[in-house]
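Take a look at the letters that make up each chain.
Protein chains: 2
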Amino acid sequence: MPEIRAIPIDGIGEVRPGDDLAALMLTALKQKRRAFKQGDIVVVTHKIVSKAEGQIVPLASVMPSRKAVAWSQKYRLDPRLTEIAWSEGSIVRQHHGVTITETAHGFVCANSGVDASNVDGGASVVLLPRDPDQSAQKLHRALKRHLGFAVPVIISDSFGRAWREGLTEVAIGIAGMKPYRDSRGARDPYGYKLKVTLEAVADELAGMAGLACGKLTRLPACIIRGYPFQPGRGRARDLIRARERDMFR
Amino acid sequence: MPEIRAIPIDGIGEVRPGDDLAALMLTALKQKRRAFKQGDIVVVTHKIVSKAEGQIVPLASVMPSRKAVAWSQKYRLDPRLTEIAWSEGSIVRQHHGVTITETAHGFVCANSGVDASNVDGGASVVLLPRDPDQSAQKLHRALKRHLGFAVPVIISDSFGRAWREGLTEVAIGIAGMKPYRDSRGARDPYGYKLKVTLEAVADELAGMAGLACGKLTRLPACIIRGYPFQPGRGRARDLIRARERDMFR
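In the order they appear, the protein sequences are chains A and B.
Counting along the first sequence from 1, when you hit position 199 you're at 1160 in the numbering used here, and nothing is skipped either side.
Counting along the second sequence from 1, when you hit position 237 you're at 1198 in the numbering used here, and nothing is skipped either side.
FYI, nobody ran anything at the bench for these hints, they're computed from the structure.
Be aware that one or more of the hints could be misleading.
Pairs count within a copy or across copies, as identical chains cannot be separated in the list.
As the list claims (entries may be wrong) - Using 20 Å as the maximum straight-line C-alpha spacing, the simulated DMTMM-like pairs for lysine to aspartate or glutamate come out as follows:
1. K1099 to D981
2. K1105 to D980
3. K998 to E964
4. K1028 to E1049
5. K993 to E964
6. K991 to D980
7. K1028 to D1039
8. K1154 to D1039
9. K1156 to D1081
10. K1156 to D1039
From just these sequences and the hints, can you work out the full model?
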């Protein structure tokens, strides 16, 4: 029976602008006498990617608009965070202090993915990487240079959903694998031709890594071992439903 | 480093109305000289739960309405499947041959979760279990009777999402564990108090099982080993966002 395992990478430590994430991961693994194997995937939370890329904004540097101040006071939010969230995306819905935006990348999420947790205690916020697919490509190439074989990379973030409570990890950047398992046109064991079975495996892999690397722990990366991914040029951008096909935007 | 593993349960075979799923799983494991361990979770696709509960409708028994026929012809759909999908839920959106409904349980999904794959080659469709939380409870209690210890049960289905392409497995029934990991009010390593970190781990666990048990294989159940779940009375129903809090219904 084929098993799939989620193995957290422990010991990466604090990530600072300019840091080499591939080197940090490989050093952390070596210290625990572990290593990447062929067939592995690595899932990295966007937080350390954004930090390495310097996508950090000190709240003291932000001058909120009057509109952002009025809205934030009503819901006891930090108007500076509101200001950044609004400027990083266009508003899709706003209700009871929650702002759902569409970011420049096309992601629909709360507050444009701007987040103050796991940064520096509340003085700064982290933005999403400017181009998470490109960030994934960069990390993917760096790992290949070190290892001599290709390890697909998924960059993840926690997004809310319509209709369902709670956050789940999703893939916001991908390199080295297809984001989908495509069963369309294949037949089930009863001979029935499957119609709409396009499975967003990159999101499920991000979620699996999220289970192994809890929010409160310092485990920002996770190896997925044993999943038969489909290699190839994949982009997380391809997981975004085009606006004209979307019934909920 | 704590690892999490997804272990498919192979050899369950064809499930028929009235079958005892707990017994089928335990027999399948025994044949492979495997067993449940304390701390395990089991994820079961709703398809075999619905089959065991007789939630199967032969399409030949369905008389579609004129409206269902007209809509289906336009998009080359089976009007009998359309008829059942419409009668199993209320319509949330309809566009280009896709019907998004809210089921009696409160799930928002395509075609009320009615599906012709992995049944009998297209002659019948399977409905969602009538009360998936109760189905999970029943299975949970049966496993406990056999094993002498409690194994949380998640019943899963593949749902589409707003804004993102592709399906992911989600939890539609739960017993023996909380559906969330709740970090609200906890502090990150920098001392920052986390605000909205309610993580829908039951959905992530369903997705993880989905990765190990592909759509085309006969693997309708999966053990998750190593995940530190929170025991307690949990319901998948609690993962549904209340209508009045939902900005997209």
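Broken hints, by number: none
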